[in-house]
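Enquirer: Build out the structure end to end from the sequences listed, making use of the hints.
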Amino acid sequence: MGYVELVLPKVERRVRHPGRKRHPDRPVFQGILFMLHAGIVQEHLPQELGFGSGMTCRRRLAEWTKVGARPRFHEALLAKLRRLDALDFSQAVADGSHIWALRGPNRNC
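Each residue of the sequence shown is one higher than the last, beginning at 242 in this note's numbering.
Simulated from the structure, these hints should not be mistaken for laboratory data.
Be aware that a few hints might be false.
[To be verified] Pairs of lysine-lysine residues, derived as DSSO-like cross-links and limited to a Cα-Cα distance of at most 27 Å, are as follows:
1. K307 to K262
2. K321 to K307
3. K251 to K321
4. K251 to K307
5. K251 to K262
[Stated by the list, open to error] The following label-pair restraints were derived from C-beta to C-beta distances:
6. P250 to A320: 12 to 22 Å
7. P312 to K251: 16 to 26 Å
8. D336 to R300: 31 to 41 Å
9. R254 to G309: 16 to 26 Å
10. R311 to V334: 18 to 28 Å
11. G337 to E284: 33 to 43 Å
12. G260 to S331: 47 to 57 Å
13. E289 to A333: 35 to 45 Å
14. V256 to L325: 38 to 48 Å
15. D336 to P259: 39 to 49 Å
16. R257 to R323: 44 to 54 Å
Idealized CB from N, CA, C, for every residue including glycine.
Expert: As structure tokens, this is what we get:
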């Protein structure tokens, strides 16, 4: 079992009126990553890749965002990378600015 399965919430299938079987989380997660990496919208996600439909990916992302899975996954990934000593901060940039950006003299833009 990978980090994806550990972090994502378990969803039990309803006993009464179960509906369609839920697409597995891992391929849906890979589909979301594919869409983000390729910069495509859900309608253009190729079905033949086996990620589920673009709409399934979109709904699942919304579901996981609502329950706070993304920060947990991020923390688990960073912890694993730290254990493997695989983090390279040599080109990292931290922005410490906490000042509101004010509009210039032309406030209509």
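Enquirer: Look at each hint and say if it fits the structure.
Expert: Results for each hint:
1. K307 to K262: Status holds; Cα separation ~22 Å.
2. K321 to K307: Holds. K321 to K307 sits at ~24 Å (cutoff 27 Å).
3. K251 to K321: 22 Å, holds
4. K251 to K307: 14 Å, holds
5. K251 to K262: 14 Å, holds
6. P250 to A320: 12 to 22 Å: With Cβ atoms ~19 Å apart, the hint holds.
7. P312 to K251: 16 to 26 Å: 18 Å Cβ-Cβ, so the 16 to 26 Å window holds.
8. D336 to R300: 31 to 41 Å: 33 Å, holds
9. R254 to G309: 16 to 26 Å: 23 Å, holds
10. R311 to V334: 18 to 28 Å: 22 Å, holds
11. G337 to E284: 33 to 43 Å: Given a distance of about 40 Å, which is inside 33 to 43 Å, the answer is holds.
12. G260 to S331: 47 to 57 Å: Holds, at about 50 Å.
13. E289 to A333: 35 to 45 Å: 38 Å, holds
14. V256 to L325: 38 to 48 Å: Since V256 and L325 have Cβ atoms about 42 Å apart, the given range 38 to 48 Å holds.
15. D336 to P259: 39 to 49 Å: This hint holds: roughly 48 Å between Cβ atoms.
16. R257 to R323: 44 to 54 Å: 45 Å, holds
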